[in-house]
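Let chain F serve as the given structure and place chain L on it in line with the hints.
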Amino acid sequence: MLGPRDRVIGQMYIEGDLRVGGVLEGEVEVTGDLEIDDMAKVKASLAGRDVSIRGHVNGAVVARKRLIVARSGSLIGDVRVERLVIQDGATFSGQVSMGPGASKGAPAKPVEAPAPPPAPTPEPEPDAKVVIAPAEKPMVTAPVIPAPPVIKTPAPVAEVRVAGKDGRGKSAPPPIQRKPDKNKKKGR
Amino acid sequence: METDGQSDSKRDGQQKFTLGPNDSLEGKLTFGGHMTVNGGHAEGEFRIGGNIEIGNGTVVKALLEASNVTIKGEVEGRLTARDKLTLGKQAKLNGDVQVRRLQIEDGASLNGYVRMGDFEQQAPGS
Numbered sequence: 001m002l003g004p005r006d007r008v009i010g011q012m013y014i015e016g017d018l019r020v021g022g023v024l025e026g027e028v029e030v031t032g033d034l035e036i037d038d039m040a041k042v043k044a045s046l047a048g049r050d051v052s053i054r055g056h057v058n059g060a061v062v063a064r065k066r067l068i069v070a071r072s073g074s075l076i077g078d079v080r081v082e083r084l085v086i087q088d089g090a091t092f093s094g095q096v097s098m099g100p101g102a103s104k105g106a107p108a109k110p111v112e113a114p115a116p117p118p119a120p121t122p123e124p125e126p127d128a129k130v131v132i133a134p135a136e137k138p139m140v141t142a143p144v145i146p147a148p149p150v151i152k153t154p155a156p157v158a159e160v161r162v163a164g165k166d167g168r169g170k171s172a173p174p175p176i177q178r179k180p181d182k183n184k185k186k187g188r
Numbered sequence: 001m002e003t004d005g006q007s008d009s010k011r012d013g014q015q016k017f018t019l020g021p022n023d024s025l026e027g028k029l030t031f032g033g034h035m036t037v038n039g040g041h042a043e044g045e046f047r048i049g050g051n052i053e054i055g056n057g058t059v060v061k062a063l064l065e066a067s068n069v070t071i072k073g074e075v076e077g078r079l080t081a082r083d084k085l086t087l088g089k090q091a092k093l094n095g096d097v098q099v100r101r102l103q104i105e106d107g108a109s110l111n112g113y114v115r116m117g118d119f120e121q122q123a124p125g126s
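Chain order of the listed sequences is F and L.
When the letters of the first sequence are read in order and numbered with my numbering, they come out as residues 1 to 188.
When the letters of the second sequence are read in order and numbered with my numbering, they come out as residues 1 to 126.
It is worth saying that the hints were derived from the structure and are not from the lab.
It should be emphasised that the depicted structure is a prediction, and the values quoted were computed from it without experimental measurement.
Certain hints may be false.
Below, simulated DSSO-like cross-link-like pairs (lysine-lysine); rule was C-alpha separation at most 27 Å, straight line [said to hold, decoys possible]:
(1) F/K65 <-> F/K43
(2) F/K65 <-> L/K84
(3) F/K41 <-> F/K65
(4) L/K92 <-> L/K61
(5) L/K92 <-> F/K65
(6) L/K61 <-> L/K89
(7) L/K16 <-> L/K89
(8) L/K89 <-> F/K65
(9) L/K16 <-> L/K84
Here are some, though not all, of the chain F residues that point toward chain L, as calculated from beta-carbon distances under 7 Å [what the hints assert, rightly or not]:
(10) M1
(11) H56
(12) L84
(13) V85
(14) I86
(15) D88
(16) T91
(17) F92
(18) S93
(19) V96
Every residue gets a Cβ at the ideal spot worked out from N, C-alpha and C, and that includes glycine.
Chain F on its own, in the form it takes in the complex (with noise of 0.2 Å):
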């Protein structure tokens, strides 16, 4: 569940359900339902079994079993889904590919929800063992992994909050340690 003020901006995988009550801004994959609540502002693809939106959404929504915007929710993208119900009093604009069956096309495949990225990489080139990432290279230097972006967009908000708990201890030695960041920045 994410409160009116929480924000979240990045992919996400869910196993179970999600609620969304802030701001919420990426990709988002959930194996059970998700539910925008009528605060919620999202800009994001969304992917999940029921789906229900009561808020703004901008994205694509894919419902593998049923989309209800509700007289409150807005949705503008286009969509794919199973079944689909739209309240009266509410908005939507997009392409809509109803049936069953019509979901499953789209990216919510729940178990191989980090497989996509790595799927492009490994394009059968002869040489197999140079291959492993020429393009990644250059931008990240260890090519073992090709799933590393899932895991990175969480990381710099978990770093935030864990500088919040030490400041809470010693207030003095985080803000000294950025300092002297910002310092070698300027003096660049």
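Chain L only, in chain F's frame:
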């Protein structure tokens, strides 16, 4: 809501045109009143000043334009509802849709692009 609309139409004294199971309509129709298709065969281009209702089990292949459109049967073709489009439980709609308000009941099936908003923007994009 729907029944209200019907009784209103009678009060309006607006003409009402009903296509029954043994009727057939093919071609271009422009009509100021309300139109109901209940069974029968309807194909073409219908521009209606009032409301259109497509009854249960009725199949219509047409470009439809009306104030309120209520679909309980099957429709194939572009559709414009100047006010509201309602898809009933058994409804099937295949085609792009422009509406001001939209209500889809559980069980209805829709395939196409939905554009919602006022009609001044009647996108001459094509």
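Q) Which of the numbered hints above does this structure break? A) Hints 10, 11 contradicted; others consistent.
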